[in-house]
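Enquirer: Keeping their order, the protein sequence lines are chains G and L. Position in the first sequence (from 1) plus 25 gives the number in this note's numbering. Position in the second sequence (from 1) plus 347 gives the number in this note's numbering.
Treat the hints with care, as some may be off.
To be verified - Below are the DSS-like pairs computed for lysine-lysine, each with C-alpha atoms no more than 25 Å apart in a straight line:
# : chain 1 : residue 1 : chain 2 : residue 2
1 : L       : Lys559    : G       : Lys140
2 : L       : Lys579    : G       : Lys140
3 : L       : Lys505    : L       : Lys456
4 : L       : Lys559    : L       : Lys579
5 : L       : Lys579    : L       : Lys593
6 : L       : Lys505    : L       : Lys593
7 : L       : Lys425    : L       : Lys559
8 : L       : Lys559    : L       : Lys422
9 : L       : Lys593    : G       : Lys140
It should be emphasised that the hints constitute simulated quantities derived from the structure, not laboratory data. Bear in mind that the values here come from a model prediction, so they are computed numbers and not experimental data.
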Amino acid sequence: MLKKLAVAGFVIVTFIMYSLHQRNEGSQAAQKVPKNQTNTSQTTAPSSSAITPASSAANYKDGSYTGKSSDAFYGFVQVRATITSGKLTDITVLDYPQDRDTSIQINDSALPQLKQEAIQAQAAQVDGISGATDTSRAFTESLGDALAQAAA
Amino acid sequence: MIKQTRLIMGMPIVLMTPDVSVTNENIEEVFTFFKYVDKTYSPFIDSSIVSRINRGAIGEPEYSDELREILAIAKSTKRQTNGYFDVWHKGNFDPSGIVKGWAIAEAVKILAKYTNAFYVEAGGDIQVSGVNDEGSPWQIGIRNPFDRHQNIKVIALKSNAIATSGTAIRGQHIYDPVQGKELNEVISVSVIAPSIIDADRMATAAFAMGVKGIYFIEQLDGYEAYAVMHDKTAIATTGWHRYEVKA
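Just chain L, same shape as in the assembly (with noise of 0.2 Å):
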């Protein structure tokens, strides 16, 4: 099995395949293009494309034709989600939840000219394709918010995608200022569709719907999801055993 990982975009960057043919230069290629995505669309980056639109540097008519792509993604979201997924806040512009997942997506075109099994990782968030090294679905765990050695469940991918959105902290309070109270319910939620924009974009969105989010993706076909509560519970949406893998 090929393995690595780097540290791009402050996340790391994991590429597998069980396939050695499979080049160092192929996998460079892939690690080239991260490199090219988080030089690009950081918001961290004061050359960035974000960063100068933020500072009203570059305006819509000089916009690439790979940010109207990422905005036209953006603009869907929005509009599925009834708002909840945005690019801008406050008068900000930051894509980044989109760019992760599309990036992933890319990664995925980028690698499938090589092979057809491998795993992308960005950050928590996974697309998969064919079998791994035992010629089996890929095995992928779920990360126990409260103890990240831990998984809680463990499921079978075999050419789809998984993102997890959620606060990566534990016994984090979540204050809600429209309501003027404390929330104290999910604290992360995975979701599993068919493409890595879709998995990443509606874990989002149902990360931000607080409880409603479980339901929102349960509402959604082909589409499965499992929410980790505040109390150490879980909810899953009705196909989502499907994919497990049992103990």
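Excised from the complex, chain G in its bound form (with noise of 0.2 Å):
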């Protein structure tokens, strides 16, 4: 029990840093900045704050462990975490907007046929960046769960 509040304490308290690390930036008074200063410290994933304990830390017995299922933004999302040695090595989305029971109708052949490219970094300066952030919360929940039973 203790462990398990442990764990859920390590998760709780690494979100509330980043929180405030957000506020922190978040208070500073209108100023002028050079560009892109502070895009990058601003948008810290919570979710991977919660893995880094995970893997790093913690012996957690071996198994999977499923969380609990977490609101994301557009539907619930539940991770199943797989302890090996007694560290986390697969998590696995179970339930994820994905699995809504629609289909989608596109006549493929009336389309372009899109081009496939590798990614490539790009070192231009920007004003702003546009990424995915929207489940990192229900992320951190389940997952934090799931690993709170791994440590039980």
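Make the complex out of the two chains shown on their own, each in a separate frame, by following the hints.
Expert: See below:
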């Protein structure tokens, strides 16, 4: 039980530290900033902070643990954590918006075949960055729950 | 350049304008609106409308005009995406996927009272107007889902929006319970549209569709998209390159 609390606590504390960091940044008054200076620091994904303690620190019991289903923006996210030799070795997303019981009709033959390319890093300066953050909170919650079980 | 960031609704909200006539009060008005949205529509807050609907504490006759407006957007999105986008999931009401885009659109209306050059972002979804502090279109990076310190595309936006939907999780496996196999495909989809509500809801729907998503966007007029796959390749719609800033 103590161990369970400790793990849950660690996840929560990491998340709070992240939040405080964000708040700090946000409390700065309107100011002139050079382009792109704050972009990298403001977008830390909470999900990654949940993975770090798991893979580096605690000794979990081997097995697969299913976290609770958590609200994401457009559905539910539920993850299963797999522990091998006391370490988090895999995370499987069990429940995702892809489970919708629907199908989309697209007439592929009427559309041009779109080309696939390798992704490539771009060095140019930017004003802002678009990226996916929307399911990270639900992911963190479900993973935290799964790891609490693994530690129990 | 005025730039402010706050953490509201569990995500960074970023406001920028090169227009120095915009006051702190103007900026504060926008943040105050986002706080109101969080309080009112967060599924994580017990007293929110969303939580009360899920508890059965309020019914349709008591819905506010604002909520009806959000539900109307949700309804048309569900129809346009063949049900891939639904604010009802397993008996639970969660309009967050619409609220985020709607909130940015409302924030845009507030800022537009004070200036015609601005950038509004909520958690990676962005609507811009006019130009940046160099007099150029706003330069927006598309984050590498495999390395969040890197951009894999840079696009120029003037008075339109971009939203990215995806996992934000590296090396994630998505299991398809219908087909009973692991999907090894789309990691993120970025959609450019004239308005953030459209960009946001179509990015969400396209991501949920998997590999078909990019073709779904291809057949929509006025939309372009860039989908990043699990094997570090990407597919763009045919008009996407018009927004690209070449290195």
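Enquirer: State for each hint whether it applies.
Expert: Now the hints, each set against the structure:
Pair hint lysine 559 (chain L) plus lysine 140 (chain G) holds up; C-alpha atoms about 14 Å apart against a cutoff of 25 Å. Restraint check for lysine 579 (chain L) and lysine 140 (chain G): the C-alpha separation of about 14 Å stays at or below 25 Å, so the hint holds. Between lysine 505 (chain L) and lysine 456 (chain L) the alpha-carbon distance is near 16 Å, which keeps this suggested pair within the 25 Å criterion. At most 25 Å may separate the alpha-carbon atoms for a hinted pair to count; lysine 559 (chain L) and lysine 579 (chain L) meet this at roughly 17 Å.
Taking the CA atoms of lysine 579 (chain L) and lysine 593 (chain L), the gap is about 20 Å. The hint holds against a cut of 25 Å. Taking the CA atoms of lysine 505 (chain L) and lysine 593 (chain L), the gap is about 16 Å. The hint holds against a cut of 25 Å. Among the hinted pairs, lysine 425 (chain L) with lysine 559 (chain L) is consistent with the structure: their alpha-carbon atoms are about 17 Å apart, no more than 25 Å. Taking the CA atoms of lysine 559 (chain L) and lysine 422 (chain L), the gap is about 22 Å. The hint holds against a cut of 25 Å.
With a C-alpha separation of about 18 Å, the suggested pairing of lysine 593 (chain L) with lysine 140 (chain G) holds against the 25 Å cut-off.
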